[in-house]
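Visitor: Kindly produce the complete structure, drawing on both the sequences and the hints.
Protein chains: 2
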Amino acid sequence: MTLVVVGSLAFDTIETPEERREGIVGGSCTYCALAASYFASPMIVGVVGEDFPQETIAFFKERKIDIRGLEFAKGKSFHWEGRYGHDPNHRTTVKLEMNVFAGFRPHLPPDYKQAEFLFLANIEPELQEDILNRFENPKWVAMDTINHWIKNNREALLRVLKRCNLFFCNEEEAKLLTEEINLFKAGRKIMEMGPGLVAVKKGEHGALILGKDGVFGVLAHPCEEVIDPTGAGDSFAGGFLGYLDAVRQINEKELRRAAVYGSVMASFAIEDFGIERFKSLKRSEIKNRFLEFKKLVSF
Amino acid sequence: MTLVVVGSLAFDTIETPEERREGIVGGSCTYCALAASYFASPMIVGVVGEDFPQETIAFFKERKIDIRGLEFAKGKSFHWEGRYGHDPNHRTTVKLEMNVFAGFRPHLPPDYKQAEFLFLANIEPELQEDILNRFENPKWVAMDTINHWIKNNREALLRVLKRCNLFFCNEEEAKLLTEEINLFKAGRKIMEMGPGLVAVKKGEHGALILGKDGVFGVLAHPCEEVIDPTGAGDSFAGGFLGYLDAVRQINEKELRRAAVYGSVMASFAIEDFGIERFKSLKRSEIKNRFLEFKKLVSF
Chain A
177 MTLVVVGSLA FDTIETPEER REGIVGGSCT YCALAASYFA SPMIVGVVGE DFPQETIAFF
237 KERKIDIRGL EFAKGKSFHW EGRYGHDPNH RTTVKLEMNV FAGFRPHLPP DYKQAEFLFL
297 ANIEPELQED ILNRFENPKW VAMDTINHWI KNNREALLRV LKRCNLFFCN EEEAKLLTEE
357 INLFKAGRKI MEMGPGLVAV KKGEHGALIL GKDGVFGVLA HPCEEVIDPT GAGDSFAGGF
417 LGYLDAVRQI NEKELRRAAV YGSVMASFAI EDFGIERFKS LKRSEIKNRF LEFKKLVSF
Chain B
177 MTLVVVGSLA FDTIETPEER REGIVGGSCT YCALAASYFA SPMIVGVVGE DFPQETIAFF
237 KERKIDIRGL EFAKGKSFHW EGRYGHDPNH RTTVKLEMNV FAGFRPHLPP DYKQAEFLFL
297 ANIEPELQED ILNRFENPKW VAMDTINHWI KNNREALLRV LKRCNLFFCN EEEAKLLTEE
357 INLFKAGRKI MEMGPGLVAV KKGEHGALIL GKDGVFGVLA HPCEEVIDPT GAGDSFAGGF
417 LGYLDAVRQI NEKELRRAAV YGSVMASFAI EDFGIERFKS LKRSEIKNRF LEFKKLVSF
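Heads up: the protein sequence lines correspond to chains A and B, in order. Here the numbering used here is used: the first residue of the first sequence is 177, the next is one more, and so on. Here the numbering used here is used: the first residue of the second sequence is 177, the next is one more, and so on.
These are calculated hints, taken from the structure and not from any lab test. Among the hints, a few may not be true.
If several chains are the same, the list does not tell them apart, and a pair holds so long as it fits within one copy or across any two.
To be verified - With a straight-line Cα cutoff of 30 Å, these simulated DSSO-like cross-link-like pairs (lysine-lysine) come out: (1) K388 / K470; (2) K365 / K471; (3) K470 / K237; (4) K471 / K338; (5) K470 / K429; (6) K378 / K470; (7) K378 / K361; (8) K455 / K338; (9) K361 / K458; (10) K361 / K455; (11) K463 / K429; (12) K455 / K327; (13) K429 / K378; (14) K240 / K455; (15) K470 / K289; (16) K252 / K378; (17) K361 / K237; (18) K315 / K471; (19) K429 / K240; (20) K471 / K429; (21) K463 / K361; (22) K471 / K388; (23) K470 / K361.
Guide: This is the structure in C-alpha cells:
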C-alpha cells in the first residue's frame, strides 16, 4: 500500500442548468483519494485552509486515507467555480482562486518519499515537478493536467511528462498538447514525449487506454441522470490507480481491469454533487457495477 | 436470404480539409447493400439515372446483390454534397439534388414483397411508408433517417417509426427527435414511439444498442487515418442487418454480434473514398477485425 496522491483539495462552486451550489468540497486529490480508498489506503499530499470542513477530514480518516502529508494552512482553501451547459460533457471554468495553494511547498513525511507509486493529480506542473524530485525511487508515476497548464506552463509540464509512466488526459487536452486531431496519432505523440501509456477520458463515451502495443476501450456506465460531472476524471484515476496498487501488478490484464474500475468509480461520482455519493457507497455496489460493465460489452 | 434494402443510390461530392472529390458513387442503399453483401444477398430498391456507372452495377452483381428492384430512369442520379471539417465527426450538407428520386415510386418484384426482413435506409419518410405498405408480412423492419426529415416530415416519420423494430440514428438525431439531452432517456422515448431497439451510431465513439432490457456498447475500430467518413453509418446498418439475415436469428447474443459486425464494416468504409475499400475487401479481413474488436474490450 504505497500510493501517494498529490493534488488539490478545494471548495467548488458548481452551476448546472438546474441549480447552483456553493461550497461543495472537491479537488483532484479529494476525488482521487476517495475513489482509490475502496481498493487501497492512499497517502495524500496537499494543503487546505482553515475553512476546510473537519467532517471531510474525518471522512478521509474513516476511509483509511493517510493524511500526514496534508498541510493545514492559514487562509482560505483553493476555490474553483465551474459551469455546465445542458450537455454535461462541456464545462467552463468561471473562477480559480489559488488561496493556500499559492506558493505551497509540501513537507513530505519520510516514508512518503519511499513510495513506489505516485500520482501527480492536476496541479501546477512546477509543483508536480518539485514533488517528483523529492521522491527517492518511484517505480511508477502517473500524472494528470488541464488545458490551462498545457497552454501556459508547457515546458514544466513536458519535463514532468517525460518522467511519467501514465498520462491521464481528456480528448481536448490530448489534441491541444500534440496539435493532432486524430486521437490515436495524438496518443502516439504523447508516448514519444515519455509515458508508455495514455489514458484518454472521454466522459459519457468512456475511456481509451493507449499503449505501445495496442488499445483498450472501456465504456461509461449508462447513466440517465448525471447530477454533477465534477470529479469524474479524478475518480477514474483513483479507481484505476487504487486497483493497481491493490493488486501490486502492472500488466496488460490488470491495466484493463484497472481502467474498468476507473470507469466504475467515475460512474458513481457523477450520481450526486461533490463527494456525496462516496459517503454511502458500498464495496458490493462497486463489484456489481464491475460485472455490469462486463455485460455491457460482451459478445 | 430475404433482406430488402430500400434507400438512395447517389453521386456524392465530398470535401475534406485535404481534398475535394466529385462524382463519388455513394448513397445509403449503396453502402448498406455492399456491407450486407459480405453476409447475405440483399435485394435492393432504389433508382439511378443514366449517369450511374455501369461499373458499380457490375460490382453489385459480382457481390450477389439482387438488383431487380433497382430502377434505371431518365435523368440524373441523386446528388449529395457534403463538407467535413478537421473533426470527421462533423459534416455539413452543402447541396442535395433529388433528381430521379423526385417522385420515385418503385416497382417491386413480387418476391420482394414477401421478404421477412426490410431495411428502410435514409430516404423521404413518405417513400419509406409507401414501400412498407406494399410489403405483405415483414417480420422485422429497421429504419434510418436524418435530421432533415425529423425537422420537416416529422408526422410521416413517426408513422413509419411506429411500425419498426429497430431504429438507427446518431446522437444528434436521437436528441432532436425526442428533445432529450440524455441519450438513454432519448432512447427510452424512441422505444415508446414504436421500435423495441434503438441503435445509436456515435462515429469514432462506436455505437450503443438500447433495448427495453438493457444496453450493449460497441467501440469504433481505432483508426489513425479516416479518409472519408461518408457511408460509415449505412455500412454499420449493412453489416448489422446482413449478419442477422445470415444467422436468421434475432436474439440478444446475435444482436450483439450484429452490432460488432456493423462497427467492423463501418471501420472499413472510412478507410477510403466512397465504396473503394469494399472493392478489395476480403472475408478474412472482416473475420480478423471482428476478433480485434473482442480484444479491444475484453477484460
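Visitor: Take the hints in turn and mark each one as holding or not.
Guide: Okay, the hints, checked on the actual structure:
1. K388 / K470: For K388 and K470, both the intra-copy (24 Å) and inter-copy (19 Å) Cα distances are at most 30 Å.
2. K365 / K471: Result: close only across copies, 23 Å inter versus 33 Å intra.
3. K470 / K237: neither (32 Å within a copy, 41 Å between copies)
4. K471 / K338: between (37 Å within a copy, 29 Å between copies)
5. K470 / K429: Intra 14 Å, inter 14 Å, cutoff 30 Å: intra and inter.
6. K378 / K470: Both: 19 Å inside a chain and 20 Å across chains, each within 30 Å.
7. K378 / K361: both (16 Å within a copy, 20 Å between copies)
8. K455 / K338: Neither: 36 Å inside a chain and 44 Å across chains, both beyond 30 Å.
9. K361 / K458: Answer is between: at 26 Å across copies they meet the 30 Å cutoff, but 39 Å inside does not.
10. K361 / K455: between (40 Å within a copy, 27 Å between copies)
11. K463 / K429: For K463 and K429, the Cα distance is within 30 Å both inside one copy (17 Å) and across copies (24 Å).
12. K455 / K327: For K455 and K327, the Cα distance exceeds 30 Å both inside one copy (36 Å) and across copies (45 Å).
13. K429 / K378: Both: 21 Å inside a copy, 27 Å across copies.
14. K240 / K455: Classified as within: same-chain Cα gap 13 Å, cross-chain 60 Å, threshold 30 Å.
15. K470 / K289: neither (37 Å within a copy, 41 Å between copies)
16. K252 / K378: Answer is neither: 32 Å inside a copy and 43 Å across each miss the 30 Å cutoff.
17. K361 / K237: neither (42 Å within a copy, 38 Å between copies)
18. K315 / K471: between (34 Å within a copy, 28 Å between copies)
19. K429 / K240: within (27 Å within a copy, 43 Å between copies)
20. K471 / K429: So K471 and K429 pass the 30 Å test inside a copy (18 Å) and across (11 Å) alike.
21. K463 / K361: between (34 Å within a copy, 25 Å between copies)
22. K471 / K388: Answer is both: 27 Å inside a copy and 15 Å across each meet the 30 Å cutoff.
23. K470 / K361: So K470 and K361 pass the 30 Å test inside a copy (28 Å) and across (22 Å) alike.
Violated hints, in rising order: 3, 8, 12, 15, 16 and 17; the structure is consistent with all others.
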